[in-house]
Structures are given as C-alpha cells and as structure tokens.
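> Working from the sequences, and respecting the hints, build out all of it.
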Amino acid sequence: MKTKRLIALIIAVFNVYLHRQTTSEEIRLGALIAWNGTWPVGPRMASALLVAFDTIRNDQNLLPKYNFTYYWQDSACDTGATLRSMVDLKAKKPPIHAFIGPGCSVGCIPGGYLAAHWEKPMISFACGESTLSDKKKYPTFVRTVGTYAQTGKFFLKIMQKYSWSRVAIVASTESLWSQVAMFVRDEIDGSTSRKFSVAYFHVFSPGITTDVQFKTMLRSAREEAHVFILVGYGSSIRQIMLNLYDLEMISKTYAYFTFEITPENCKGNDGRDQEACKAFEGLMDIANYVPTNEEYKGFEKKVKQKMPEFAGLGYHMPQNDEVDIYAGFLHDAVVLYAHAAHDLLRAGGNLTDGEALIKHMTNRSFQGVSGQVFVDENGDRTITLQMRNFHNGEMVRVANYFRHLEELEFTDTTTVWPGGSVTAPLGRPECGFNEEFCSSPVIWMIAVYAISGFVAVMICMVAFLLYYKRKTFESSLQSQRWKISAADVNFTRKALDGRSMISTSSFGSGDSSMNSRTLEEDEIRGQVFTNVAIFKSTVVAVKKLRKTHITLSRTILMELKEVYELQHPNINRFIGACVDSPNIWILTQYCNKGSLQDVLNNERMKLDWMFKMSFASDIARGMFFLHKSSILYHGDLRSSNCVVDSRWVCKITDVGLEHFKSGQKVDSYLGLDAEYNNLLWRAPEHLDGRNNLSKSQRGDVYSYGIILQEILLRSLPYAMNDFMEAKTIVSMVQKRENPPFRPVIPSSFGNGLYVRMMRSCWSDEPTLRPRFSDVLQTIKKINNGKDINIMDNMISLMEKYTDHLEEVVRERTEQLEEEKQKTDALLYRMLPKTVAEQLKRGEAVAAESFDQVTIFFSDIVGFTTLAAQSKPLEIVNLLNDLYTCFDNIIDCHDVYKVETIGDSYMVVSGLPKPNGICHAGEIANMSLDLLSDMCHFKIKHLPEKQLQLRIGIHSGSCVAGVVGLKMPRYCLFGDTVNTASRMESSGLALRIHVSSQCKSLLDNIGGYHIEERGWTSMKGKGTLLTFFLNGREGFLKSLPDLSKAAPMEEHSFK
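Mature numbering (1 follows the signal peptide of the UniProt record, and there is no 0) puts the sequence shown at residues -24 to -1, 1 to 1030.
Calculated from the structure, these hints are not laboratory results.
Being a predicted model, the structure only gives us computed values, none of them experimental.
No residue lacks a Cβ here, since even glycine has one placed at the ideal position from N, Cα and C.
There could be a bad hint or two in this list.
To be verified - Restraint-style ranges between C-beta atoms, simulated for each label pair: (1) Glu850 - Met1024: 52 to 62 Å; (2) Glu224 - Val731: 53 to 63 Å; (3) Ser736 - Lys641: 31 to 41 Å; (4) Glu224 - Met434: 26 to 36 Å; (5) Cys414 - Arg747: 21 to 31 Å; (6) Tyr443 - Ile721: 31 to 41 Å; (7) Met434 - Thr168: 46 to 56 Å; (8) Glu224 - Thr387: 24 to 34 Å; (9) Thr799 - Glu850: 49 to 59 Å.
Here it is in structure tokens:
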C-alpha cells in the first residue's frame, strides 16, 4: 500500500516538473490586428494566426519542443491605437517574444521605432510604406507582403506587351501612394531601352482637389498619354473615374490602371453610383498575388472554421463573406518567425535577441500558403502581383506577375477594356500625339500651299480693311454729324427742376465759381444761370464761346469727331456744336442736379457716406475711361466740371475740344480772383505760369485728390485752411515746399483708407500718384470688396424699408387681431355668438320664437337678513364668489347665461341654438352640479353659515330678442319665464323645484331621481303639481344636507 502511494507521489512530482518545463518552452506572440477602425480586416482573416499555429505544430521538424501562444490587441488601423496596443502587449507577463502586425502603415511607421527600441521583431502582413525598408531606422522590421513601389518593372512588362510607349501618372499626395508613384515613374523613365516614358505626372490632394481641377488635370494628361496609372485609395479613384466619365474618356481609346480597388469602391453617397460603376468597367487593378489552387481554398476554409476560437470572441464569419487576401500573408508572417526562431535556437541563440532573429528572416525563402515567399536583405518580400479586370461589377483575374522570375503570365480569361472593347487600346491617337504616323511629303506640300494662299488672302483682306477704314473715317470726318444749326436751338428761361441757381458748369463752361471769392464772405455762391435750350425735343445745356467765328481745320474736325463719339456713363454726352457765325456754341447733355460743387455745398441735401463714395467712384470711372481714350487726359478737372443727373450719376464735362475753345476773348467780368480760384485744382508741376497750358494724366489725378477733399468735407478746396485767398493758396502750392502745402483734413473725418488714397493723389511727386485703375481698386476695398452703385444702394435701402414696413404692418395686424379677439370674447359674454355676429355686421336682430326651452332661476333664501348682517363690500364679494363659481360650472353644459339681478341668477338651454329635448337634461345636470357645489362653498365673512340656495326650473316656449341700443341686452319673454321664476320663488332652500312640464321631458330622457312635492300654490298661476329633483343615475357628487336647510319661517314665497 505504501509502495503505491510512493509511486503516485513520484508521478505527481514528474507531472509538475513536466508542466513547468512546458511553460518555459512557450513562444508568445503579440498580435496587432485591426478589428475596428478605417480597415476592419480582423473579422475576415484574424484566425489565420491560429491556422499558422496548426501548420507549425504539424511540422515535426519545426520547433517540436515549443508551444505557440498569443495575446491580441485591436490596432484599429490608427496610430494612437497601435502604440497603446504595443505598450499593453509589452507589459504582459510573461513577456512576448515578437509582434505580428500591424497591417496599416500609420501603425507600422511609429510602431517599428518602438519595436527596434525594445529589440522585439515586428513581422507585418500588410504595411506597404517603402520607408520601412530602411534597416537603419527599422532594424527589427520584416514583412511578408511586397511593396507596390516594386511595381515599376511590372508596368514595363505591360507596356512592352501592348506596345505602349508612354503613360500618365495621377497620384495622391498621401505618403504611401506618393512614394509608389515616384518609384514607378523612376523605374519607367530609367528603363535601359529608353523606349518608355512617363509623359505626364501630376498629384492631387484627396478631399481638397475639386472636380474642376481634376477635369483640367485630365484634359492636359490626355494630350500626352492615353494610358493612365491612377494611384490612390478607392474614394479618390471613384472621383477621378466620374470626371473621366464626364469628359467622355471612358472609351476604347484609353486604358486605366489602379491599385487594390474593390467593386464596392464604385459606390458612394452622391447619387451617381450607376455612372461610377459604368466608368469602372474595363478598369485594370493591381493587387498582391494569392494562389487559386485547392490548397489555398482549403486554407480559407480553415480560417472560417477557426474564426470563433480567435481571442475568445466567438465570432462566426457570415457564410457569404470571403476571406481577405491578407489572411495568407498573416499566416506566412507567423511561419516566417517560426523558421527564423528554429534556426536561431539551433545556432545557440536566444529568442530575446530581436536583431539576431531578423537576420535569420532576411535573405531567405520558403513555401508559404500565399505562394513562394522571398524575403530580401531589407526585410521586404519580393512582390508577386495579380492583375484583375473590372467587368460586370466583379474583379476577374487576367494576369499574374512574379518579380523573382521576371515573369508575366496571362490567364485564359478575356480582357475587357474601357468602352467594352476586347482589343487593347493603341495607347495613342491613331496619327500619334504629333501626327507622326499620318504625315507625308504630299500633305506637307499641300499644307505649305494652303498656308501660303491663306496668308496672301489675309494680306489682301487686311489691306482692303485698312483702305475701307480710312475711307470710312474720312467720310465720317467730313460728314460733320456733330454740326447743329442755330435755328434748331430754342432757348428757354424756365427754371428746370425747380432750381433757382445752377452752375454754368452743368453744360461745360467751368465758370460756376468765377465770383465765389469776389462776393461777400457770407455769399459762397453767386447766382449764375445756365443757358438751357431745347434741341430736337431734348433739353440741352448751351455754352456760348466768347468768339464770333471759327475755322474748321482738320485738327478741330478731329477733336469734334473724337468728342462726339466718346460714350461712357460717367462722361457727360457731347450733343454737338454750332459754328454759325457769330453763334459759336457747345451743346451738352443737361444735368438737372447741377454741378458736384453745387450739390456738395447745398446744406439742404442730406448725403450719406454711400452717396459720397458713389460720386468718388463715378469720377474715377469716367477718368479711367478718358485716360484710355484717344483724348488721353482732361487737364481742367474740377468739382464744377463734374455734373449730377436726375439719377444721381456723377459725370465729367468740359472734355476735350482744346483747339475748338482756344482764341476766346478775355471776360473782364470774371476778374483775377476767379482765375486764381480755377487754379486751386491744378497740379504744382503745371503752375509754372498762369497761362501754362501743360496737361497730363498725373495732373488729373492731383485734381481728383482735391475733389476727394471737397466730397469728404462737403466744402470748397482748402476750406479748412483759415479762409486763405485763392492767390495765396496757389502761390504756396507752387513753391513746392517740404512738406508741401495741401488742404487740412481733421483727424475725425472719413475712412482711414479714403484719406490715405486722397493724400497719395495729391503727392508732390507725380510718379508717386496712383493711376485711376488703382484708385478704383482702393474704392472697392473701402466698400468691402463690392462695386459702388448709387441706384443699387437706393434700391437696397428701399427694400430694407419695405421689409421693415411689412414687419411693422404684420406686428400691428397681429396686435389688432389680438385686440379684436379680446373684444369678441367680451361681446360673446354679453350676447350669444350668433346674435353678436349679426350686430357686428350691422344687421338688425329680429326677435325669435323657440318652441321648447328650459329656464333656470335661483336665489338665496334669507338674503335680505344676510345683507342686513353684512357690509355692502362683503355682499359684493359674496355674490362675486358665488357667480364666479356658477360661471365655471355652466361652461361645462350647453346653456346660456341670461342675466343676474341681485342674488337672482337666470340661465336658459335650448336657445339661441335649439337642442331638441336635451335642454331639460342640460339644465337639470347643471342644477345638480350647482347644488352639489354648495356643500363646499364658504361665505368668507360667515364661514360657519350654510348658503341657502334654492333653484326652480321650468320648460316651455318663449321669445328671445335684443332690447335697447345702449348696452343692448338679450332678453327672454313669455309665460315660461314667469312660471320658471315662480318655481324658484315658491321652492325650498337646498332643493331643485321642477315643474310637471320639465319633469315629463326628464322622464323621456330617463335616469333622473324625481320626488313629487304635491300641489303648490303660486301667485298668478293657481295651484300646480310640482316635483323635487334629487339626483340622477351616475351622479356621484354629494348634495347638501337638508337638515341644514333654512326653516320655513326664513322663506319668503312670491
């Protein structure tokens, strides 16, 4: 017995030892597989890890004494999630030996650094970033998937197969794809044969590049190549294919290659799935190679079977789901580690030496489930590819490429290209991109002759056009369309537009300010009347020149023709000229608001900032046009030479005609001050002499700056300079001191940008002054980037006013409606609604007879005694409380309150709207509710006293009508009213006295508890059989205790 126990003890100790030995020979892997996130591939391939363990376990020559276990973390295809998962796995006890995964480059790049720091091998099954090949940065990183950066030789094979010489690459700026695109470009451009090239290379930013930019990009690309390599993720490829579809480039002329596209990628959320999937037809997609043999199908079956065991999640793959192609690469990542660990251990190494393990993984090959695995010195698997054809919504494999064999093999499947063609496109236009395949010497000769003939014809046409233009010009010059006969001009002295004073500048004289400094100081403006005339039914302004004859030389004719043809909204239109001696006149469009100087100095006119900016903008537009015209400059720009029409458009007048206006007699009336006053706008470089007629565009800008000061301050030039005389001002400007003498602008005036623009316009150095194109841009900035238009502004203000007015009207209408509703509610309390509506319509209300109604009367027994014991205010409060209680109750019944007189309360049912025989029931129900409420009603000043309410009701016919004009009342007439009143006055306290007529109706309705009172004597009625109403079926409210009823001696019977 003792021997058996000893043997059992030895066996137990051996088992414990064996168990410890087994534990010490355990290899632990940290699996980083995304189950969620942007690439949730785990549910379709994670169990490949378990299948790999079975593969290792079944190989008797591969780590026979070691058992593989794993920890799993969801890397979520996210940088943060991957790093957190790696830290969690690193902290596991006992520690892991290596990382399997992750599958996304966003995790591999930072994770590879950590793995190297910890000296842990990291074997990825999907990361394709080319920078991971750098063994100096990632000494412990290896992957069982090839990088698409190695696809350059594959495309060279394809181009050689189909005799394509050039391709276009359109690539995403995302790190992975931009590297792939550059490696492919370098491989093709660097080919030894020099027969192949990347003719077009362009990148795009996903989510940023617009459809317009894509179309521009693709139009440029098709001029250089007809074979496109599109490098990016599925959503970007879909956007590109839709733009190709819109450009009608989905045709047999083109070929398109992509990377790792699935049929689901043609679907989006923009409603264009049908067009997108149609555009995908014929697409060639490049993906990592996976076998199609029975062995691989068996592997996929095992992955599905093992999925519920993975990480204890119990997840079952749906029957229709396919195993992801990266499952094979995950399996081979584990097997690769097992081979390297086996070799390291045989060489006497340690599994914790990560870099030593990596050396056994690189430069080796083995047969994996995903095919022959070749891992180079950089830890990258030599790529093997499959080319799939998108056809009828499915991806069909048409070719395989094995990089280690440099072999491209095609399947027996028919390849379908864009446009439905089964023939590969030429990869170029039929005649080549430069017509090199269609040209011939004969064509060149024909082309030379055609071009020569075309040039000759064009020379003849140009010569003819020049001759015709010259002839037309001379004919127009001699036609003198501007010429006006003095007999056709009818002068009028009628003041137009109600103005008492209008500057003569409105027709171009420029003399409106001629006496502004010669009059008294309080007369800033003299009254100068415009010569207004009627010419061909048009109101015109007439300027009479101070000369009696003129010789029409060619120079003057040219001037007149130029001005006559000058058309612009901000240039005052030249109507014509009269040269009938002695009447030498200039006729221009009449502007009824007068000159800008008139408007600005008219204090009665309210001009807001928008009006001022509109004037400044109008003048700048007119001058910009004038400087671009053949006239080139104005030379005498002043506020008095700017006129305002009826639409508040500012126009420049007195333009051109320099020779036509020369030679006039001196107007002795003007005086020297007026002459100096006209020089206030003159630029300093043109003030060398008062008679100096030099003019320039820069001088016009200076004059415009002075006008800006007038607009800003609404005053004459230099108005803030202590009322200096014009001659003194001109002299100081002419000296050109430093700083130069200019108008004073108070700091509180105007927009800062406006003031800076104004000061730059009157700069002393002409070259520093802005051009009018720059002025217009500055004005636009002042107006927040918008063009200034006074009419648009006025319309906008009117629209805002209209909107505000509509809102005010709506508010007032709502208030009126609320008041009307209140008034109606008060009226409906005084009169029946139908009667009130008739009175509101102004109709007479005729008395109406009703065959059957029930009338209710109530009063308070002993009210006279109660009133004597109480104060008047207490009685008022009592009745108010009582009738408020009654009013709340009658709202629940089909009744109408007629009136209250003292302690008497009158109600009727059955009118004004008849209700059959229900009126008796409505009054009876109301009476029971009122009587029941007496159980709880308290007299505030006599809370212990029971209110002795008595009720009488009677049914019969009556007449109803409105009585009176002031405070009209709706009254009832007839014997029924009298009888109902007698029923109340002959009743008893806390009882409902019912007539026999009413009792008959209640019996017909049914359910009422009625007690016969007997024959009762009533004044004026004799003796009548009456009853008491004690309740009804379903009425559960309590009624007053009759023991508390007032004794008979307190009753008064009428």
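> Now tell me, hint by hint, if it's right for this structure.
Quick rundown of the hints versus the structure:
1. Glu850 - Met1024: 52 to 62 Å: For Glu850 and Met1024 the Cβ distance comes to about 27 Å; the hint is violated.
2. Glu224 - Val731: 53 to 63 Å: This hint holds: roughly 57 Å between Cβ atoms.
3. Ser736 - Lys641: 31 to 41 Å: Roughly 40 Å apart at Cβ, these two residues keep to the hinted range, so it holds.
4. Glu224 - Met434: 26 to 36 Å: Given about 35 Å between the Cβ atoms, the range holds.
5. Cys414 - Arg747: 21 to 31 Å: Roughly 52 Å apart at Cβ, these two residues miss the hinted range, so it is violated.
6. Tyr443 - Ile721: 31 to 41 Å: Given range 31 to 41 Å: violated, Cβ gap about 57 Å.
7. Met434 - Thr168: 46 to 56 Å: holds, 50 Å
8. Glu224 - Thr387: 24 to 34 Å: holds, 31 Å
9. Thr799 - Glu850: 49 to 59 Å: violated, 33 Å
In this structure, the hints that do not hold are numbers 1, 5, 6 and 9, in rising order.
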